Amino acid sequence: MSSPFTALLESLSRQRGVRASLIVSENDGLVVDANLRFGQDGDRVAALAASMYRKARMSASAARLGAVGFLQLDAERGRICAVGGRGDLVIVVVAEPAANVGLIRVELLKALDSLT
Amino acid sequence: MNIATVEPWVEAPLRRYVDDARARLALLLHTSGQVVAQAGFTRAIDVMTACALASAVHATSAELGRQVDGRPFRGLHHAGPQRQLYLAPAETARGAYICLTVFDDESSLGLVRMYFDELCKELMVAAPPLAPLREPALAVDFERDLNANLAAMFGRN
Numbered sequence: 000m001s002s003p004f005t006a007l008l009e010s011l012s013r014q015r016g017v018r019a020s021l022i023v024s025e026n027d028g029l030v031v032d033a034n035l036r037f038g039q040d041g042d043r044v045a046a047l048a049a050s051m052y053r054k055a056r057m058s059a060s061a062a063r064l065g066a067v068g069f070l071q072l073d074a075e076r077g078r079i080c081a082v083g084g085r086g087d088l089v090i091v092v093v094a095e096p097a098a099n100v101g102l103i104r105v106e107l108l109k110a111l112d113s114l115t
Numbered sequence: 000m001n002i003a004t005v006e007p008w009v010e011a012p013l014r015r016y017v018d019d020a021r022a023r024l025a026l027l028l029h030t031s032g033q034v035v036a037q038a039g040f041t042r043a044i045d046v047m048t049a050c051a052l053a054s055a056v057h058a059t060s061a062e063l064g065r066q067v068d069g070r071p072f073r074g075l076h077h078a079g080p081q082r083q084l085y086l087a088p089a090e091t092a093r094g095a096y097i098c099l100t101v102f103d104d105e106s107s108l109g110l111v112r113m114y115f116d117e118l119c120k121e122l123m124v125a126a127p128p129l130a131p132l133r134e135p136a137l138a139v140d141f142e143r144d145l146n147a148n149l150a151a152m153f154g155r156n
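Chains A and B supply the protein sequences, listed in that same order.
Take 0 as the starting number for the first sequence in numbering that gives the first Met the number 0 and just add one per residue.
Take 0 as the starting number for the second sequence in numbering that gives the first Met the number 0 and just add one per residue.
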């Protein structure tokens with residue numbers, strides 16, 4: 000079943016090293032749509048990434064740094080990248096540690112523009 | 000957050016759940032409405048009221064699920080302007096419990112559901128097996144049991 004986000008998510012998941020791409024509701028932490036590789040738990044990633052993004056946005060706002068442009072979390076076995084700021088939606092990518100973050104960032108920002 | 004339990008094996012999983020999910024209030028009860036554990040409540044009357052309402056809402060939504068989908072609905076979510084609630088059943092070796100969770104914008108439905116799944120797993124592991132002979136939950140001495148449970152949780156004799 001396709002949704003208005005299917006093409007956007009497929010485009011993100013085609014990037015080398017990307018394990019999962021999701022559109023997430025920032026306030027609810029729920030998956031709106033997702034493109035997941037086998038073994039990825041979309042609900043878990045959505046809940047945690049949305050929470051992380053919301054906390055980052057609130058922290059940036061409290062520090063008077065303005066809006067969050069791009070959020071990146073590097074961990075031992077992978078990285079999470081997220082962009083948002085268009086209503087309640089956040090675009091999240093889960094990638095391998097060795098993935099090219101520059102390319103992923105460009106694709107995420109393009110995807111964010113196409114959401115509006 | 001203060002946590003009080005009637006069944007001690009519930010305390011550790013419930014405490015972890017409340018902390019991880021950043022819940023404001025949590026209530027674990029039998030499907031009959033008898034309280035098992037509570038977190039965050041300060042008055043016994045609130046626990047009694049919440050148990051009765053949660054039990055009734057769960058029974059209603061379960062029956063509605065049977066009517067429209069052939070089986071009971073699992074989770075129920077209501078959102079208010081400041082606070083939200085999530086009501087869902089947890090199966091254990093000692094039977095089914097209902098968990099009522101109240102949370103605000105410190106948490107989210109996704110987080111609460113995620114940690115609730117973990118709570119269910121932990122309760123399943125922690126639950127001691129049911130004794131073969133057990134009085135029915137809605138026996139004539141229901142009120143006495145209820146008062147004893149509330150007294151145990153709120154430290155009254």
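These are calculated hints, taken from the structure and not from any lab test.
There's no promise every hint is true.
Claimed, not checked - Lysine to any residue pairs mimicking SDA-like chemistry, simulated, CA-CA at most 20 angstroms apart:
#1 B:K120 <-> A:D40
#2 B:K120 <-> A:K109
#3 B:K120 <-> A:K54
#4 A:K109 <-> B:Q81
#5 A:K54 <-> B:D18
#6 A:K54 <-> B:Q81
#7 A:K54 <-> B:D103
#8 A:K54 <-> B:D19
None of the values given here were measured: they were computed from a predicted structure.
Against the structure, the hints:
With a C-alpha separation of about 16 angstroms, the suggested pair K120 of chain B and D40 of chain A falls inside the 20 angstroms cut-off, and the hint holds. Restraint check for K120 of chain B and K109 of chain A: not satisfied, since their Cα atoms lie roughly 40 angstroms apart, outside the 20 angstroms limit. Taken as a hint, the K120 of chain B and K54 of chain A pair is broken in the structure, with Cα atoms around 28 angstroms apart against an allowance of 20 angstroms. For a cut-off of 20 angstroms, the pair hint linking K109 of chain A to Q81 of chain B is broken: about 34 angstroms separates their Cα positions.
Restraint check for K54 of chain A and D18 of chain B: satisfied, since their Cα atoms lie roughly 17 angstroms apart, inside the 20 angstroms limit. At most 20 angstroms may separate the alpha-carbon atoms for a hinted pair to count; K54 of chain A and Q81 of chain B meet this at roughly 18 angstroms. Of the pairs offered as hints, the one joining K54 of chain A and D103 of chain B holds, with about 14 angstroms between alpha carbons and a cut-off of 20 angstroms not exceeded. Between K54 of chain A and D19 of chain B the CA atoms are separated by roughly 15 angstroms; this keeps the pair inside 20 angstroms, and the hint holds.
Hints 2, 3 and 4 from the earlier list are contradicted by this structure; the remaining hints agree with it.
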